[in-house]
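Could you put together the complete structure from these sequences and hints?
Line by line, the protein sequences give chains B and V. For the first sequence, counting from 1, position 335 maps to 335 in our numbering; every step adds exactly one. For the second sequence, counting from 1, position 24 maps to 24 in our numbering; every step adds exactly one.
You may find that some hints are simply not true.
[Said to hold, decoys possible] Derived BS3-like pairs (lysine-lysine); straight-line CA-CA distance at most 30 angstroms:
1) Lys51/V to Lys135/V
2) Lys132/V to Lys712/B
3) Lys763/B to Lys132/V
4) Lys646/B to Lys12/V
5) Lys132/V to Lys314/B
6) Lys135/V to Lys649/B
7) Lys107/B to Lys321/B
8) Lys712/B to Lys135/V
9) Lys135/V to Lys763/B
What the hints contain is simulated information worked out from the structure, not anything from laboratory work.
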Amino acid sequence: MNRIESPAAGTANLQLRQVGKPLVRTDSPTKVYGTAVYAGDLTMPGMLCAAVLHSDRASALLRHVDTSRAEALAGVHCVLTAADLPPSQGVMTDMPGQTGGLTKNTKQPILAKDRVRFCGEPIALVAAENAAIAEQALRLIDIEYEDLDGIYDPFDALAPGAPIIFGDDNVVASYKVRKGDIEKGFAEADFIVENTFTTQYQEQAFLEPEAALAWVDEHEVLNIRSSTQVVEHYRAVADAIGLPHNRVRLRAEFVGGGFGGKEVMTIEVWLALLALASRRPVQLVQPRERSFLSHGPRHPFTMTHRTGVSGDGKITALQIKLTSDAGAYAKLSPYILLYATVGATGPYRVDNLHIDSVSAATNNLPACAFRGFGTMQANLACEGQMEEIAKLLGMDSMEVRRRNFIHTGDANVTGQIIRSAVWSDQCATQALATLGERPTDTQTTRIGHGVACYQQSYGRIRWMKDSSEAWVGVEMDGTVIVRSAVTDIGAGQSSALAQITGEILGVPMDQVVVYFGDGAVTPLAGTSTASRALYMSGNATKMAASQVRKNLLSCVAGYFGVKIEQLDMCDSQVFIIDDPQRSIALKDCVKLCAAEGVHRHNLAIFRAPTSEGIDPETGQGEVFPDFTYGAHAAQVAVDIETGEVKVLKSIGAHDVGQAINLRAVEGQVEGSALMGQGFALCEELILKQGRLQTGSLSEYLIPTSEDVPEIKAIVLESRSGLGPFGAKGIGEPVYAPVAASIANAVADAIGVHIFELPITPEKVIKALREKESTK
Amino acid sequence: MTDKETQMITEKRVDIQVNGQACEITVPAWRTLLEVLRELGHKEVKCGCEKGDCGACAVLLDGKVVDSCLTLAWNAAGRSVTTVQGLGGPDNAHPLQTAFIEHGSAQCGYCTPGMIMAAKALLDDIPEPSLKDIKRGLSGNLCRCTGYTRIFSAIQAAAETLRQQETTS
Numbered sequence: 001m002n003r004i005e006s007p008a009a010g011t012a013n014l015q016l017r018q019v020g021k022p023l024v025r026t027d028s029p030t031k032v033y034g035t036a037v038y039a040g041d042l043t044m045p046g047m048l049c050a051a052v053l054h055s056d057r058a059s060a061l062l063r064h065v066d067t068s069r070a071e072a073l074a075g076v077h078c079v080l081t082a083a084d085l086p087p088s089q090g091v092m093t094d095m096p097g098q099t100g101g102l103t104k105n106t107k108q109p110i111l112a113k114d115r116v117r118f119c120g121e122p123i124a125l126v127a128a129e130n131a132a133i134a135e136q137a138l139r140l141i142d143i144e145y146e147d148l149d150g151i152y153d154p155f156d157a158l159a160p161g162a163p164i165i166f167g168d169d170n171v172v173a174s175y176k177v178r179k180g181d182i183e184k185g186f187a188e189a190d191f192i193v194e195n196t197f198t199t200q201y202q203e204q205a206f207l208e209p210e211a212a213l214a215w216v217d218e219h220e221v222l223n224i225r226s227s228t229q230v231v232e233h234y235r236a237v238a239d240a241i242g243l244p245h246n247r248v249r250l251r252a253e254f255v256g257g258g259f260g261g262k263e264v265m266t267i268e269v270w271l272a273l274l275a276l277a278s279r280r281p282v283q284l285v286q287p288r289e290r291s292f293l294s295h296g297p298r299h300p301f302t303m304t305h306r307t308g309v310s311g312d313g314k315i316t317a318l319q320i321k322l323t324s325d326a327g328a329y330a331k332l333s334p335y336i337l338l339y340a341t342v343g344a345t346g347p348y349r350v351d352n353l354h355i356d357s358v359s360a361a362t363n364n365l366p367a368c369a370f371r372g373f374g375t376m377q378a379n380l381a382c383e384g385q386m387e388e389i390a391k392l393l394g395m396d397s398m399e400v401r402r403r404n405f406i407h408t409g410d411a412n413v414t415g416q417i418i419r420s421a422v423w424s425d426q427c428a429t430q431a432l433a434t435l436g437e438r439p440t441d442t443q444t445t446r447i448g449h450g451v452a453c454y455q456q457s458y459g460r461i462r463w464m465k466d467s468s469e470a471w472v473g474v475e476m477d478g479t480v481i482v483r484s485a486v487t488d489i490g491a492g493q494s495s496a497l498a499q500i501t502g503e504i505l506g507v508p509m510d511q512v513v514v515y516f517g518d519g520a521v522t523p524l525a526g527t528s529t530a531s532r533a534l535y536m537s538g539n540a541t542k543m544a545a546s547q548v549r550k551n552l553l554s555c556v557a558g559y560f561g562v563k564i565e566q567l568d569m570c571d572s573q574v575f576i577i578d579d580p581q582r583s584i585a586l587k588d589c590v591k592l593c594a595a596e597g598v599h600r601h602n603l604a605i606f607r608a609p610t611s612e613g614i615d616p617e618t619g620q621g622e623v624f625p626d627f628t629y630g631a632h633a634a635q636v637a638v639d640i641e642t643g644e645v646k647v648l649k650s651i652g653a654h655d656v657g658q659a660i661n662l663r664a665v666e667g668q669v670e671g672s673a674l675m676g677q678g679f680a681l682c683e684e685l686i687l688k689q690g691r692l693q694t695g696s697l698s699e700y701l702i703p704t705s706e707d708v709p710e711i712k713a714i715v716l717e718s719r720s721g722l723g724p725f726g727a728k729g730i731g732e733p734v735y736a737p738v739a740a741s742i743a744n745a746v747a748d749a750i751g752v753h754i755f756e757l758p759i760t761p762e763k764v765i766k767a768l769r770e771k772e773s774t775k
Numbered sequence: 001m002t003d004k005e006t007q008m009i010t011e012k013r014v015d016i017q018v019n020g021q022a023c024e025i026t027v028p029a030w031r032t033l034l035e036v037l038r039e040l041g042h043k044e045v046k047c048g049c050e051k052g053d054c055g056a057c058a059v060l061l062d063g064k065v066v067d068s069c070l071t072l073a074w075n076a077a078g079r080s081v082t083t084v085q086g087l088g089g090p091d092n093a094h095p096l097q098t099a100f101i102e103h104g105s106a107q108c109g110y111c112t113p114g115m116i117m118a119a120k121a122l123l124d125d126i127p128e129p130s131l132k133d134i135k136r137g138l139s140g141n142l143c144r145c146t147g148y149t150r151i152f153s154a155i156q157a158a159a160e161t162l163r164q165q166e167t168t169s
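Written as structure tokens, this is what we have:
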């Protein structure tokens, strides 16, 4: 099925046989035949069903929680509230994974005790014979609330005298960047442009709601099989309930979409408690409406840019204020704010810069990780501001960008020198060119073109001191196994490891088996988050495979009496490069190794570059391993009578360093185009006094097949990344510019910028009316 | 009414053909086809919302595509259900499945079984669908990963394969 024939595909990869080619992913057949197993598909004898009672108040004291009626219901095995929990300080909600650095160790109560801080906070857990009984039991739990004043706006939360939800002042995190001489920069400016941009809550809306199964096995090990991005949550589960780490085993199944929503612990700790209390296997599959309450959506941001520019479009000074709504608990908000801070100037060099960013606690849903992790919100403001500057100066906005692009060797926001290629210009130029000619306006429609560039990190924050391990081995029959605890969340994480290993060992990738996602038996790999899975696990796997290759070739070199450099591997054969007729089958080569006592496997660890943090006063320091650059361009048609925006073309062009699987890379670009379109135009979690108004897929609208524009992915390969074969991370980067390009296209179409996402028909009509009235 | 009479009204024995295999089950009136299929072991029928918003649970009922979460098991009595596993497997893949694999149309894969069944119903109705027909045919099936483009191209390729099979047979 994996024909390697198209010379057009991955033309940069002349010496590579598999890497870079659009091969069939190893996980494709099982998903298409319906045999792939997800956490909710698992069953065990005697398995109970769980259900969770979530608070329906945003800010209240829990006067009384009475579970006696629920416990008396036939078929109910156990009901747990905060009173039944071990005396831990809650469950860790800080940066998870395979990290050696210090984190902030933020925590959240496993179940609310005495007080609820957001509408949806979990209060009680039930395990029962079946789901219907569990649901019935939830309705029999009596709760007496005493409502408290709540805060539902981050600016209110930061105002003097506000009720305190978090710490001493509701400040979950704040950062400062002080660079250059801002006074001088503004003094040198010919114009000053100031605008405020806002973004909304966005829900991950993965198709598979949270699901997991937990049980205690015959070795008194607590097992959890879960839909998660993070195998290392076994540690947080163990710490939360007071078990040693080696008594909790977490295995991640195929994940039906994560997008960050399955990064911080969701349901695993609840199931662990129920399994321990009931001594039975317990499964929970969150109903969709409760899934909306169980992870954490994208943070709403308010972003003000005050930009000084010279008459020729050069930025002389930039002052940025960022405020995000963290909701009721910290979760990953401090880090997300940091990403937004570092991403606030986009892919531009700004020498005179002030940034003040703050994340404030409210009684809203706690927001958390979502593809882009703050960078894409910050980028929206930056790229909208580029258009406004260009409009003021009467310049082409691409020309303004060109005069300010950061280049390899320049220092970014935090003073980190960019080492890899920066192909922003090439990407944007190609994306825009691919939009082609504009269709002509009709009486009621206006056509617009928009572009946006970005800078998005891949890999973890350096002081997390990230690492990933992988094991590669060859069986006696010449077949190959990879072991890595990487989670496979749908982007081809496990398949990529097969493709890399196949390349190194000269074995077709579909003959490589990847055991993934098991915290007990596969070497720990860290999270599938932060666009790091391929970068980190790809490198570790390549290192392990390369060592195995070396071991195998050393045996063959002795056998043939040649040097290792004279040998190559392909089609499960080892052969002499200058005399390919002299070859040995991989399975025979393995026997040589076995006879000589040479390792046929290797365990490797890849360590990311580290740093010790940033200066708190200036924000200067090395924050990320590296960055990805690219652009997205959109063509839209705006109906000026109805305000409806239709995206006609959506083109992503990105320097991915090196594609590992070209088809998988294109799939990421295409998927991000539609997800970003949803963020730009229609998706919004609406909260009223903290209560979710759009908590289902019929109220929270994501784009459907009928909204799909012409989507195209343009893949450029600088081979300058830190990943295997020079790859850069792409999962988040390709998403970073999409919404901004659409917002800019709408502005181009109607001649007025809409600063508040999503760009709904109402906002378009309002903007058009305001434009008319100011004429 | 006595308890016994109540039970007689709320539970019923129904015969359903699933992927050609006869299944006899006793179910109460309120249970959905989705729940029953999954209880029978057909875990390839996915649950995404339980209210007909997402299409992950789509199956064919007497050849027509339905959301099994909106179909009561009683209403499937005496009828034939086809899931993605009934459509084909590694040894007898349906052209739609082959095309989904070759085009890279599955990412996380959770929407894929329902998506393929919606596509099957579409091609049964319209053997030569336009892009617009395909978009309409899939409008009840959400996908969050792919942007749908590779799903569209797979369906177009499968339609072509099926037409060729038609002309050669």
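Hint check results:
With a C-alpha separation of about 21 angstroms, the suggested pairing of Lys51/V with Lys135/V holds against the 30 angstroms cut-off. Of the supplied pair hints, the one linking Lys132/V and Lys712/B holds, its CA atoms being roughly 18 angstroms apart against a limit of 30 angstroms. For a cut-off of 30 angstroms, the pair hint linking Lys763/B to Lys132/V stands: about 28 angstroms separates their Cα positions. For the hint pairing Lys646/B with Lys12/V, the CA-to-CA distance comes to about 49 angstroms; that exceeds 30 angstroms, so the pair is violated.
Proposed proximity of Lys132/V and Lys314/B is contradicted: the alpha carbons are some 45 angstroms apart, above 30 angstroms. With a CA separation close to 16 angstroms, the supplied pair Lys135/V and Lys649/B stays within the 30 angstroms bound. The suggested pairing of Lys107/B with Lys321/B holds, with an alpha-carbon distance near 27 angstroms, which does not exceed 30 angstroms. Simply put, Lys712/B and Lys135/V have alpha-carbon atoms about 17 angstroms apart, close enough for the 30 angstroms limit, and the pair holds.
Restraint check for Lys135/V and Lys763/B: the C-alpha separation of about 27 angstroms stays at or below 30 angstroms, so the hint holds.
When the structure is compared with the earlier hints, violations turn up for hints 4 and 5 and for no others.
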